[in-house]
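Trainee: Below are the chains, spelled out letter by letter.
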Amino acid sequence: MAVKLPIYFDNHATTQVDPRVVDAMLPYFNEKFGNAASRNHAFGWSAEEGVEEARAQVARLINATPKEIVITSGATESDNLAIKGVAAMYREKGNHIITQVTEHKAVLDTCKRLEKEGYEVTYLPVEKDGRINLDDLRRAITPKTILITIMYANNEIGVIQPIAEIGKIAKEKGIFFHVDGVQAIGKVPVDVQKDGIDLLSISAHKLYGPKGVGALYVRRKNPRVQLTALIDGGGHERGMRSGTLNVPGIVGLGKACDLCREEMAEESARLAGLRDRLKNGIMGKLDETFINGSMEHRLPHNINISFAYVEGESLLMGINDIAVSSGSACTSATLEPSYVLKALGVGEDLAHTSIRFGLGRFNTIEEVDYVTDRVVETVERLRELSPLYEMAKEEGVDVSKMNWKTA
Amino acid sequence: MAYSDKVIDHYNNPRNVGSLDKKDKNVGTGLVGAPECGDVMKLQMKINPETRVIEEAKFKTFGCGSAIASSSLATEWVRGKTVEEALAIKNTDIVRELSLPPVKIHCSVLAEDAIKAAISDWKQKAGESKPAAVEAATPAHS
Ligand SMILES: Cc1ncc(COP(=O)(O)O)c(C=O)c1O
Ligand code: FES
Numbered sequence: 063m064a065v066k067l068p069i070y071f072d073n074h075a076t077t078q079v080d081p082r083v084v085d086a087m088l089p090y091f092n093e094k095f096g097n098a099a100s101r102n103h104a105f106g107w108s109a110e111e112g113v114e115e116a117r118a119q120v121a122r123l124i125n126a127t128p129k130e131i132v133i134t135s136g137a138t139e140s141d142n143l144a145i146k147g148v149a150a151m152y153r154e155k156g157n158h159i160i161t162q163v164t165e166h167k168a169v170l171d172t173c174k175r176l177e178k179e180g181y182e183v184t185y186l187p188v189e190k191d192g193r194i195n196l197d198d199l200r201r202a203i204t205p206k207t208i209l210i211t212i213m214y215a216n217n218e219i220g221v222i223q224p225i226a227e228i229g230k231i232a233k234e235k236g237i238f239f240h241v242d243g244v245q246a247i248g249k250v251p252v253d254v255q256k257d258g259i260d261l262l263s264i265s266a267h268k269l270y271g272p273k274g275v276g277a278l279y280v281r282r283k284n285p286r287v288q289l290t291a292l293i294d295g296g297g298h299e300r301g302m303r304s305g306t307l308n309v310p311g312i313v314g315l316g317k318a319c320d321l322c323r324e325e326m327a328e329e330s331a332r333l334a335g336l337r338d339r340l341k342n343g344i345m346g347k348l349d350e351t352f353i354n355g356s357m358e359h360r361l362p363h364n365i366n367i368s369f370a371y372v373e374g375e376s377l378l379m380g381i382n383d384i385a386v387s388s389g390s391a392c393t394s395a396t397l398e399p400s401y402v403l404k405a406l407g408v409g410e411d412l413a414h415t416s417i418r419f420g421l422g423r424f425n426t427i428e429e430v431d432y433v434t435d436r437v438v439e440t441v442e443r444l445r446e447l448s449p450l451y452e453m454a455k456e457e458g459v460d461v462s463k464m465n466w467k468t469a
Numbered sequence: 026m027a028y029s030d031k032v033i034d035h036y037n038n039p040r041n042v043g044s045l046d047k048k049d050k051n052v053g054t055g056l057v058g059a060p061e062c063g064d065v066m067k068l069q070m071k072i073n074p075e076t077r078v079i080e081e082a083k084f085k086t087f088g089c090g091s092a093i094a095s096s097s098l099a100t101e102w103v104r105g106k107t108v109e110e111a112l113a114i115k116n117t118d119i120v121r122e123l124s125l126p127p128v129k130i131h132c133s134v135l136a137e138d139a140i141k142a143a144i145s146d147w148k149q150k151a152g153e154s155k156p157a158a159v160e161a162a163t164p165a166h167s
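Keeping their order, the protein sequence lines are chains X and L.
Each step along the first sequence adds one to the number in my numbering, with nothing skipped, and position 1 is 63.
Each step along the second sequence adds one to the number in my numbering, with nothing skipped, and position 94 is 119.
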């Protein structure tokens with residue numbers, strides 16, 4: 063089978079909407095266009111029915127109940143609602159929040175804002191493999207701690223945190239536990255009961271659903287979590303999130319969750335196979351390549367590799383028929399390399415050379431082989447062009463020990 | 026980011042890639058940037074001591090596509106010029122020629138620095154040693 067270009071290997075950024083999800087959504091743009099809050103006619107009822115079915119589908123995927131699912135505009139809002147909502151509601155109880163350094167900006171910047179408002183936030187470091195140390199977590203807890211917020215899996219390196227262990231610690235101490243589950247849900251089993259999660263952020267567009275819709279799981283018993291709303295208005299979503307519901311989007315979210323639940327086991331195994339083929343293909347043919355983050359505790363569809371002596375953006379330019387992303391500073395507006403890789407202790411020189419490959423439902427083995435060849439040939443070509451490679455290979459200079467005069 | 030056609034052309038067909046013998050006393054070597062910043066340029070020129078004309082120029086660059094294009098262009102431009110003419114090349118000339126966007130201006134600055142560093146290395150070797158404007162990084166063999 064010939065591959066169709068360009069190839070999409072950037073499934074941590076977003077995913078293609080599954081055609082079955084599109085089909086499920088379409089009636090809600092057409093004959094079922096009603097407002098789910100219209101209680102007194104059939105248009106409202108059929109819309110509400112769609113929303114309630116979707117709520118049940120989301121709940122089933124994470125072992126929750128439908129009443130615990132609050133619909134939002136996406137995970138950025140879910141993260142904000144969870145963290146700010148708990149902070150405001152439980153201010154009397156304490157003002158301390160614990161998170162960690164490789165969280166998504168939706169969590170980090172929310173925490174930073176709360177710091178300005180007088181809350182205290184502890185940012186736990188991560189080990190070289192990208193995971194937090196549970197002893198660090200235990201030590202960070204104070205009588206004022208009201209919330210622990212740790213992501214399930216990281217969006218750059220795919221590293222999975224010890225969520226069930228953290229959940230246990232949180233429960234012992236009577237602290238709420240929020241998890242940004244965006245990258246993990248639908249890809250690996252996420253179970254709010256087994257994992258001891260009290261609040262869980264979900265985004266539809268990362269699991270083959272539409273953009274601009276997501277959910278926040280809010281535990282209703284053992285313990286019951288209350289939130290101060292961020293958006294006030296008509297009292298939708300039990301007052302936790304007002305605003306007319308995005309019915310087609312919500313139906314899409316539900317359908318997407320349902321497909322993930324049914325197909326996850328098989329799909330994850332297939333993607334892990336493709337991912338390993340990609341990793342072995344590339345790393346078998348190129349020397350001085352390094353995996354960033356734990357291989358053992360990792361999403362099945364992620365690999366993040368540093369290619370020493372080859373700057374990431376120039377590599378992306380060479381493989382411009384393949385969509386991936388880089389931790390290189392040259393690809394970011396701030397000209398800073400990835401803060402996630404930095405937190406792992408990856409040297410800045412290697413952080414600039416990293417590429418994230420995110421496989422997904424619609425990728426094929428032919429695509430993996432094509433990408434392998436393109437990456438290998440482009441890295442080889444750019445190494446021919448690299449003064450650092452020449453110095454290391456021909457002159458035996460340890461480039462990292464050179465006395466670079468940085469302006 | 027969308028690259029200009031000229032950047033893409035230099036990236037796909039870089040001119041004058043390679044190295045000259047840095048021990049040759051007619052060869053000036055400029056090595057600028059740092060790996061932690063994501064960019065290192067090595068620019069070398071073979072200069073005729075009589076005519077002060079740059080007869081050959083080679084580069085190797087670790088950096089983004091714009092940095093590769095800037096240094097490739099720099100080798101094209103300095104060839105056949107005298108040392109003094111080459112020193113008059115400004116990073117803004119490179120920006121204009123390659124249509125670099127504002128975030129990529131530092132890549133062109135690096136190319137200008139590399140030209141200056143290579144020439145100052147040559148001058149030092151030739152005994153004309155004025156204090157170097159931009160010095161090459163010095164390998165700490167260890
Ligand atoms: C870990 C993580 N959290 C939150 C988000 C934000 O999700 P959304 O795009 O739904 O706002 C993303 C997506 O980039 C993510 O990867
Ligand atoms: S070398 Fe980093 S932006 Fe050009």
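Some hints could be false.
[Stated by the list, open to error] Calculated Cβ distances over 10 angstroms to all of chain X for the following chain L residues:
(1) E61
(2) D64
(3) K67
(4) K71
(5) K85
(6) V120
[What the hints assert, rightly or not] Every beta carbon over 10 angstroms from chain X, so not counted as near; a handful from chain L, in silico:
(7) S29
(8) N51
(9) V65
(10) E81
(11) R121
(12) E153
[To be verified] Here are the simulated distance ranges between beta carbons:
(13) L/I130 to X/N92: 49 to 55 angstroms
(14) X/V84 to L/S124: 56 to 62 angstroms
(15) L/S124 to X/E457: 55 to 61 angstroms
(16) X/R175 to L/S124: 36 to 42 angstroms
Worth flagging that the hints you see were computed from the coordinates, not collected in a lab.
Here a beta-carbon is modelled for each residue, glycine too, at the ideal position from N, C-alpha and C.
Trainee: A separate judgement is required for each hint: does it hold in the structure or not?
Mentor: So, going through the hints one by one against the coordinates:
1. With a closest Cβ-Cβ approach of about 4 angstroms to chain X, L/E61 is found to fall inside the 10 angstroms limit, against its non-interface label.
2. Against the 10 angstroms criterion, L/D64 falls within the reach of chain X, whose nearest CB is about 7 angstroms from its own CB.
3. With a minimum CB-CB distance of about 4 angstroms to chain X, L/K67 fails to clear the 10 angstroms threshold, and the non-interface call is violated.
4. Chain X leaves L/K71 outside its interface by the beta-carbon criterion, the shortest separation being 17 angstroms against a cut-off of 10 angstroms.
5. With a least beta-carbon separation of about 4 angstroms from chain X, L/K85 fails to lie farther than 10 angstroms from that chain, contradicting its non-interface assignment.
6. With a least beta-carbon separation of about 16 angstroms from chain X, L/V120 lies farther than 10 angstroms from that chain, consistent with its non-interface assignment.
7. Against chain X, the non-interface label of L/S29 holds: every CB pair exceeds 10 angstroms, the least being about 12 angstroms.
8. Interface exclusion of L/N51 from chain X stands, the closest Cβ pair being 20 angstroms apart, more than 10 angstroms.
9. Against the 10 angstroms criterion, L/V65 falls within the reach of chain X, whose nearest CB is about 6 angstroms from its own CB.
10. At roughly 17 angstroms from the closest C-beta of chain X, the C-beta of L/E81 stays outside 10 angstroms, upholding its exclusion from the interface.
11. Residue placement check: L/R121 keeps its beta carbon more than 10 angstroms from all beta carbons of chain X (closest about 21 angstroms).
12. Every C-beta of chain X lies more than 10 angstroms from that of L/E153, the closest at about 22 angstroms, which supports listing it as non-interface.
13. Between L/I130 and X/N92, the C-beta spacing of about 51 angstroms keeps the proposed range 49 to 55 angstroms intact.
14. Between X/V84 and L/S124 the CB atoms are about 40 angstroms apart, so this pair departs from the stated range of 56 to 62 angstroms.
15. For the pair L/S124 and X/E457, the supplied restraint of 55 to 61 angstroms is violated, since their beta-carbon distance comes to about 35 angstroms.
16. In this structure the supplied range 36 to 42 angstroms holds for X/R175 paired with L/S124, their Cβ-Cβ distance being about 39 angstroms.
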